[in-house]
Each structure stands twice: as structure tokens, then as C-alpha cells.
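Trainee: So you can see what is in the structure, the chains are spelled out below.
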Amino acid sequence: MDMNEIKEIFFQECEEQLAELESGLLKLNDGDRDPETVNAVFRAVHSIKGGAGAFGLDDLVSFAHVFETTLDCVRSNRLDPGPEVLKVMLKSADVLADLTNAARDGGSVDEARSRQLIKELEALANGEVPQASAAPEPVAKAAPVAVAPVVNDEGFQPVAFSFDDFEADEPALIDMPTYEIVFKPKSDLYAKGNEATLLLRDLSRLGEMSIHCDMDALPALDRLSPESAYFAWKISLKTDKGEDAIRTVFEFAEWDCDLEVTLVAGEAAAPGEELPMQPVPFDLSILDDEPAVSVGVIEEEEQLAAQQEIRDAAVSAAATASNVLQMAQSANRAPAEKSAGAAASAAAQSAAAQQAAASAATPTIRVDLDRVDRLINLVGELVINQAMLSQSVVENDANGTSSINMGLEELQQLTREIQDSVMAIRAQPVKPVFQRMSRIVREIADMTGKSVRLITEGENTEVDKTVIDKLAEPLTHMIRNAVDHGLETPEKRLAAGKSAEGTVRLTAKHRSGRIVIELADDGAGINREKVRQKAIDNDLIAADANLSDEEIDNLIFHAGFSTADKISDISGRGVGMDVVKRSIQALGGRINISSKPGHGSIFTMSLPLTLAVLDGMVVTVANQTLVVPLTAIVETLQPEAAAIHSFGSNQRLISIRNSFCPLVDVGRILNFRASQANPVEGVALLVESEGGGQRALMVDAIQGQRQVVIKSLEANYTHVPGIAAATILGDGRVALILDVDTIVAASRGHSLKPEMSLAAAG
Amino acid sequence: MASKKTAQKTLSLAPVLDLNEATALHEKLLGLKGSDLVIDASAVERVGTLCVQVLMAGAKTWDEDHLSFTFSKVSDAFEKTTQLIGVDIDHLMAKEI
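As given, the protein sequences belong to chains B and F, one line each in that order. What the first sequence shows, in our numbering, is residues 846 to 1607, in sequence order. What the second sequence shows, in our numbering, is residues 5 to 101, in sequence order.
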């Protein structure tokens, strides 16, 4: 594995850590005070710093370090994570993400912003803990060289505090403050490859150390679990390096141990009166001979070679008995130890079991997206090919033998399964997009001076990666609109009896084979009167048009609507919503709005789970073959003459079970034919549009039901109104896939100007 | 240390007693239970906490069984590590030999 690959993995992990960081901070923002959440946040920053250090990404390291220092204050309860503090931290998370991206893609970052945040972070850290102020500087400088990634702490080196420093300071030893450290490793510490001896060695270098090993928990040999932690230590350390330096020693291990560091007053420090403390020998150089590691990966061969070297070089010296300090443990303590030991080993076992379960959870691999796409394309071709094969068998051998037919059926089923499985590979939770939105909300809220809370739900809803990628842009636009125009200013909110803080709720869920994303705000809602007036002024609707509230709300998606500059000031919505609608439609999706004056608006987007295949009903309209998405069809029926009612100039209704439903002649709307077809000769497809309400679509005949592979019309030809996409049928012909919603919208065309209704296809 | 007159066994420790060795060492020690034990730690170049834990648990068990558990020779690295982590092995050193 070369360096670039390792670096790439680092950046991928950074993304995960950043996501973790942000969600943790948001939890804290919501009032979560679980120490585990704070730890998770700290860990995320810490891991990024560690990895960045290994790759010499100095900017990233120094920012992460300052950030981490402040987070450490939160962790040790020296800084309360109030809203103001979290605001700075969330911004810092954004800058950290920018820095990571810049380090990966070589872009630049807003340096003034990051400098400003560094100042703010330092101020936060210093506000409560004056002695922490000196710490960031030296460590930040040293970190890029020495920080090893958490993955392998075998080669952990003390950051910034070398043995030489210590020797230089030696004369001043007498006046140094004494710290009492209680260090109690958990079994995880060892399971993760950490070694207490190395931590203690590094600790001993900070000053004069004496140590007591508490072996009370150690059980008898047959009850011992060899990989659990039993030893705990009480350490007295005389050092002038400060508490931060002590904590730095444990920084890669601290989640896996209990660590207490207390400063005991200078002279009065006679630590561990009742505990026999063993002075730690100064010259520990013999323990230093592991290879130093700057990157977290050591090749096994290298390690073995290094060990061999050590072996050759080592001089085994027989030890001589020295001044004797009796071990605190003696036989008379044994009975008490037995029960304690048993309890400890039981606890250790359950911890180990938990860890095993966690590590066995979901093994994953990272795969290049290109490879998946290639596979998906190939499967698409396979599906088409299989359809062609079926068709030519049927055509060439009308009464084909049953074995061929059975084989074909099996093939079809297999193809289907392969396709589903391949699609599942591309399915990803919408979480990353949702998380990006929280940043947008923060930034817009900052700019507009509004106070906004973003609530996300259903982040783990999975949808095809292409959909996710294309979702970000329209969603960003809508979120901006929601905060900028949807929510009122805090003063207005208070005046309206709402809380000063606005809420934007972003939800994702699966509904009948589609993903539905809802964006709701609790703002003022749409001012329908003004929207209507604007639409009339802009010649979008006739002055006397009778529109439902829903229809008025949906006017804001109209292309002609957003051109006016005043609209954003008065009614809110309307800026570029047509662009949003177009991008959602390009995804095969639909967007809808419902608004309650005074209570806010809800945008609902319904998107297909995948853009690659579709279950469709193949129909004939005016000698053309069309595909109607199956998800849109409620039922199909053969109209009877008695059920058809005409009204107006050319409007027709069909009576279905005592209710009337507008009849839409697809061939007429798409301009496939000039005059209306006779409904009795065709078939009616009852469809439900996203805006609610049913329509009966008139087609000439149904050919069958089929899964079709979607080929983009936009990419291969150009956008055709009323047509969502195209597909290749078994006989090799291209069939158009109907965009049911546009057809339904066009059928309401009377209230809209001709530009909205559909002109000729193509 | 009261030791019975049983066969004395010797265990030579491997040079590297890291995290991975703890289980093996544990099994070895369990297999040697019931006899006086002399441990040769002269080849040890690196020893981790887990292995020290196993050895100390052994010392305790042997003590409970009234058998002797001694280190005949220890390497400098072994001694320094035990001192570093505050584990006193002086009383386990085979002085009578």
C-alpha cells in the first residue's frame, strides 16, 4: 500500500470523523450532556489531528489542536458547552471540514476565518483555564512530526517533551509541583494494542516518578483472563511540565482507562503514605528499542526484522538484587481478593464479549464508485438483452417448448434479483446530505440574524447514490429559502406568539417504493394573496382564475414567477423555486408545497429510489409505445360509454364508483393526435398525482407490464415536456416514459398559460 | 517460602512478551501448576503489562499452593520494566541458589 492510498483512506476516515463531529456537536446543541457525546466529539477531532500529523498537514493539525484543546476544557467540565460556545464549535467544525477538503483537493480556505476561530477557541479555552493558554503553542508545533495515528500506539512517542528537555530542567527538580496520578487501564486498552508500560515510560520522562502497582484485582491463575486488565497504578510525579503534558501522554489511551490527575501541594506532597511507592529508575533507555513509527502502518516483515536486530544486540544481564521494597501483596490478603477477582474477571469477560460483538457487526469494504457504476450499466444491458431474447424466442417459435420458456422465466427472475442486489450496493443513507444542510442553516441563520434549529429525521433512509448526489443542490436551495424567506425574524416571531428560535425540519422516509423528503418550517407560510396577485401581474394566470390554495402555493414553482425582484421581500418564497422543481423533476421526482398561513410551509419531495430501473406499464397511444411508471397507477379500467360524461367545450369526466374523475387523453395532450379519441375504444389508467387527486389517463391499449431500464432523454437528446425518460424495449425500439405529474398538471392547463401546458413532444 | 519436595520445573521466557504472548504464557503456566517453578527471564527483551499480570497471578497461585515460584535470572529489560510499572519481583528472585 503506498502513501497515497493510505492518505486517501485517511481522508475517507476524516469524512466519517467530521460527520461524527458534527452530529455530536448538534446533540450537544440540543442539550445532550452525555460525557460519551463529548468524548465522541473530542475523539473525532483528535483522530483527524493524529492522522493529519502523520501526513504533515500542518494547517489541519494546528487548527485541530486548538479545537481539541477547547473541547478538552468541555470534556473536563471546565467549560460549559452553552449555545454561544457551541456556535463557535460548529463553525470550527465547518472550518475543519474546509481544511480537510483543502488538504485533499489542494483548494484554499478562508484563512481570516480560521484565524478568527482559532482566536475564539483559544479565548474559550483561556476564559476558564488560564494555565491552558501556554499549552497550545509548543504542542501544535511539535504535533505534525510526532503524533502517531491512533491505530498503532506501539510506536507512540511523547509529543514535544523529549528526554533532553527533562535533563536540562533537572536542577530545578526540587521546586517542582507534584502530581498524583491514578491510572486504571480497562481491558480495551490492551485489546487496542496499547501498552501500559509504554505510557508509564513516557510518563516517567516528565519528571521524577514513583509508582505503586495495585494488584488487588489480580485473580489466581486459573481464573485469570490473560487479555484483561487487572493492574492499576497510583503514581506520584514531580514535574514542571504541567497537567496538560501528563494528559498528553495518555491521549491515545484515555478512553480506555480511568485517569485522574491531581496536583498535590508542593512540600506537603508526601504521596501514598500508606502505599509503598517504588521509585522508577531513571535510565529506561533499554526499553526504548522499538522502532519509532510515524505512520500507523508497519509492515510485518519490518517489525520482525527490527525485533531480530534487538535480539542480536541485546545483552542479557543477570540482575542483582537491589534495595528491597516489599510488595504490598501478601498471602493474608488472598481471601478478599478471590471474590474481587472473580467479579473483575466476570466484568472483563462481558466487556470482551461486547467488544467482540461490536467488531463483528458489519464488515464493509470500500469500493470505487466507477466499478459499481460499470456493474450497474452492465446489469442494465443484461436486462434489456434478456427482454430481447425473450421476445425473439416468442416471435420465432410461437409455441416454444416449455423447457425454453421455463429457462427464460428463470433467467428473468435471476436477472431481476441481480439487478435488485446491484441496486442495493448503490443505496446509501441520506445522512451526509442532511448533515451538510445543518451547515447551510447555520450560515444562513448567521447572515440573516435569525435563530434557527434544524431537526433531521430518517437520516438513515437509503436511496441511490446518484439521487443523493443530485439532491444536495435543490435541497440547499430550499433550505436557504426556508431560513431566509420562510422564517420570520425573532422579533416578528415573538410578536406572533412563537418562540424566537425558528425550526426547520428535514425528514426522509420511504413510501411506496419512493423516498419522500419533507422540508417543513414553522415560519409565516405563504402569503397567498400576494402570490396570486403576483401571478396575475406576471400574466401567469387569468385574473378571474379560480385556484385552490394548493394551486396558488404551487405557483411559486412556476418559471415566470421568480423573475420579479420584489417577491422575495414580500411573500418569501419564490426565488429560484422553478430551478428546484426542474432539478427534482430531472431526478424523476415530484415536489409539492403545502402552506398554512402563520404556521409555516411544508415542501414534499418524492423521489425514485433508483434512477436506473423502473417498473412500468407499457401502453400504446396513437401507435406510439409509451411506458407509464407503475407506482403512479392506482387501477386500470375499460370505460363504458355510460360512464363518460362530457362538459364544457372538450372536457370529459369518467364516473368511477359514483365519483367523477377528469379524463385525460394522453395522445391529445402530447399532441400525438389532433382530435380526441373515443374513450370506449381505449383503456383508462387511474393515476394518483403527488398533489393528490386522481385522474384517468386515456390510452389506446395496454401491452403489458415490464421492468424497464431508464435511459436519460436529457443526456441523449433533450428534455421533452411530459416525458420523464426513455427506455429500450425488447425489440430494440425506444419507448418514452411518461411523466404522469406533468401530464396531470397539463390537464389542469386551463388555469395556466399555454407555456405551462405541453406543446408537441420534441 | 514454604515449598514441598516436588519435582522442580523450569520455564524459559520468550524474548518478546507482548500483548499477543499473554494467552500463550497463561496456558504454559497453567500447564506447570503443581510443581515448584523456576523461571528464566534472562532472554526477555520486551515484556508488556499483560504478561507481567500473568506472571504475578502465577506467583500468587503458586504461593497459595505453597509451592515455590522464583525467577532464576532476569534480563535488564525485564527488571527495568517491572520497576517501571511498580511491580516488585525482588522477593521472587531465587536468592538461595
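Since the hints were made in silico from the structure, they are not lab data. Be aware that one or more of the hints could be misleading.
Unchecked claim - Footprint (simulated), chain B over chain F, 3 or more residues, beta carbon under 8 Å:
#	region
1	13 to 26
2	35 to 42
3	57 to 67
4	86 to 98
Said to hold, decoys possible - Derived pair list, reagent style DSS-like, types lysine-lysine, alpha-carbon separation capped at 27 Å:
#	chain 1	residue 1	chain 2	residue 2
5	B	K1031	B	K964
6	F	K32	B	K1037
7	F	K13	B	K1031
Don't be surprised by glycine CBs; every beta carbon is placed ideally from N, CA and C.
Trainee: If a hint holds in the structure, say so; if it does not, say that too.
Mentor: So, going through the hints one by one against the coordinates:
1. Using a Cβ-Cβ cut-off of 8 Å, 5 residues of the region 13 to 26 of chain F lie near chain B, which meets the minimum of three, so the contact claim holds.
2. Evaluation of the coverage hint for the region 35 to 42 of chain F: breached, as 1 residues show C-beta separations to chain B shorter than 8 Å, against a requirement of three.
3. Taking a C-beta to C-beta cut-off of 8 Å, the region 57 to 67 of chain F contributes 8 residues in contact with chain B, enough for the three needed, and the coverage statement holds.
4. With 9 residues bearing a CB less than 8 Å from a CB of chain B, the region 86 to 98 of chain F meets the requirement of three and the coverage assertion stands.
5. Using a Cα cut-off of 27 Å, the hinted pair B:K1031 and B:K964 is violated, with the two alpha carbons roughly 36 Å apart.
6. Note on F:K32 and B:K1037: the hinted pairing holds, with a Cα-Cα distance of about 24 Å set against a maximum of 27 Å.
7. Note on F:K13 and B:K1031: the hinted pairing is violated, with a Cα-Cα distance of about 33 Å set against a maximum of 27 Å.
Of the numbered hints stated above, those contradicted by the structure are hints 2, 5, 7, listed in ascending order.
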